[in-house]
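Trainee: Heads up: the protein sequence lines correspond to chains A and B, in order.
Using my numbering, you'd call the opening residue of the first sequence number 1 and step up by one each time.
Using my numbering, you'd call the opening residue of the second sequence number 1 and step up by one each time.
Keep in mind the hints are simulated off the structure, nothing from the lab.
Nothing here was measured: the structure is a model prediction, and the numbers come from that model.
Be aware that a few hints might be false.
[Said to hold, decoys possible] To give a feel for the contact side, a few chain B residues facing chain A, derived at Cβ under 10 Å: (1) G58; (2) R78; (3) D316.
[Stated by the list, open to error] If you anchor each label on the Cβ, the simulated ranges turn out as follows: (4) B/V115 with A/A26: 40 to 50 Å; (5) B/A139 with A/A26: 57 to 67 Å; (6) A/I128 with B/P37: 38 to 48 Å.
The beta-carbon is built from N, C-alpha and C at its ideal position, and this holds for glycine as well.
2 protein chains.
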Amino acid sequence: MRDVTVDSMGDPEFRDIEAAAERIAAHTRRTPLLDSPDLSERFGLQVTFKCENLQQAGAFKSRGAVNAVFALAEDAARRGVATHSSGNHAAALARAAQRRGIPAFIVMPRGAPRVKREAVERFGGRVIECAPTLKAREAAAAELVAETGATLVHPYDNALVIAGQGTIALELAAAAERPDAVLVPVGGGGLLAGTALAVRRLWPGTRVIGVEPAGADDAARSFASGELQPQPDPHTIADGLRGAMSERTLRLARRNVDAIVTVEEPSIVGAMRLLFERLKLVVEPSGAVPVAALLERAIDARRVIVVLSGGNVDLDALPWAAVDPL
Amino acid sequence: MRDVTVDSMGDPEFRDIEAAAERIAAHTRRTPLLDSPDLSERFGLQVTFKCENLQQAGAFKSRGAVNAVFALAEDAARRGVATHSSGNHAAALARAAQRRGIPAFIVMPRGAPRVKREAVERFGGRVIECAPTLKAREAAAAELVAETGATLVHPYDNALVIAGQGTIALELAAAAERPDAVLVPVGGGGLLAGTALAVRRLWPGTRVIGVEPAGADDAARSFASGELQPQPDPHTIADGLRGAMSERTLRLARRNVDAIVTVEEPSIVGAMRLLFERLKLVVEPSGAVPVAALLERAIDARRVIVVLSGGNVDLDALPWAAVDPL
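I would like the entire structure built from these sequences, with the hints used as guidance.
Mentor: This is the structure:
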């Protein structure tokens, strides 16, 4: 095991991604790569999918969470970890903490979807309810940390988390031919920042492209202007991508990312359905977002790799579901 | 390329499976193996999944179909292939024929589900409609063969098809540790016969267990009695498993298979949902049938490998779908 070379509050470097790969190997899955002649023909380019929906806890978030949890010194670890995210990061953090045998405290707004709560509780996470505003969540998390001494692990504004997400690109470089572009979804920008950092080193010349719903396009606007442009009222089915970039993820994106493109909602649903139907993969709306860019023919490349970021979707509310025809 | 050592009407041997593996390599996918600590804990044994739902055309049937199509001599091939199956074999045969550049004639009952027809047409298969009885299908296929000189490729009562399905077990033996048991679904018995033939050779001591819906249990009864016991009126959601064994598949099963167990319908739907939800895989009811046996705790073993046979399911009619809650 390499030493921890980065504080969670610094900017990660390539060697932090290498250290993360060693740290997470026993606790995460080396996910499969799938090609699809069928979808390649449909999109007019050769596409390969990195199936992070098949990752432990159903999303790439397990990489960053495991890296952050296992990098903690023993005494800090004993006091546990906390977050006020209620999505895939929450479940991934609960699972990572369970694997280390430490508590995970998850602050969640009252009325959060049942599936999200269950995903956390399945891995032994302790859910703390609060009012459904960002302010209430932050306050509840701060109080919790003051009380318990738990370490707050932010879902993306954390160098260890970003380094963990970057391990996807190490696996790509070990298993795939160099593509013209790597496409990843963008929410807060942790996956994008980590991927871009690794791709720059391993595949110079390969473009790294973030894809974001047009209804939650803070990253595209922040990336273009160089200043954070939070979106106060994001509207998208891609619930994992409603978060806004941080100074850190924006800085890293501006350093290493080639472009951020936006896609429309019908393309996201269409892409998701296509992944279920043709690839036989359960992919959540956020995970389908880069494929929406291919559907919209928005990417000019011959060979692309797409990171299918997660598969945690409410199977009772699939976006194309109509009345039961049985 | 090895020589074809078997006529489609004989009994396949292990070397025919080896020959099939070479013949199909360029036209099929080496599907991933996935473990699941989560489901292993739930089932009380260690389970690994062979993801044939991720196979080309969405099911293991591509293996047998490609083997049968590419084993044809040039002059026979030119006249095309035909079948009167309307399920996964039909789509797989159409795709295999398309890859060889020859016609595929698929006899299908009027009123067959839209998705089945589309799956065939997507790969350039020519659909010939007939009345919705087995008799009409057989008659239409016979007429077609007489007219066109196409080679009839039966979905399972064909040694080349059985040998093709057996290649799954070669991939298992190359990539996985020896399990106590391999579980596969049983319809007509082609997958079971091919798997058992290969497992006997590669992993002597590993049990091969077929799993069948109780509502379509001709294989379990035929296997037990040694005589074909067709089920005139099968009732199961697992549409791929409604077919009855042939003399050939029964003979091969009696030679190499350890047991055939049956499962109830609610377990099949529950297993299917679990595979979507936890493994993030789209699996059709037939593919979930062996997992239903694990849910029912019907398998006494420490380590099992389950073949998830296919993922072609109507996404507008998922069996747990209720009224759209959006």
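Trainee: Confirm or reject each hint.
Mentor: Verification of the hints:
1. Because the closest C-beta pair between B/G58 and chain A is about 6 Å apart, less than 10 Å, the hint holds.
2. A distance limit of 10 Å between C-beta atoms decides the matter here; for B/R78 the minimum to chain A is near 24 Å, and the interface restraint is violated.
3. The interface hint given for B/D316 holds, since its Cβ lies 6 Å from the closest Cβ of chain A, which is under the 10 Å cut-off.
4. At roughly 41 Å, the beta-carbon separation of B/V115 and A/A26 lies within the given 40 to 50 Å, and the hint holds.
5. At about 60 Å, the beta-carbon gap between B/A139 and A/A26 stays in the expected band of 57 to 67 Å.
6. Judged by the Cβ atoms, the range 38 to 48 Å given for A/I128 and B/P37 is violated: they are separated by roughly 26 Å.
Hints 2, 6, counting from the list given before, are not met by this structure.
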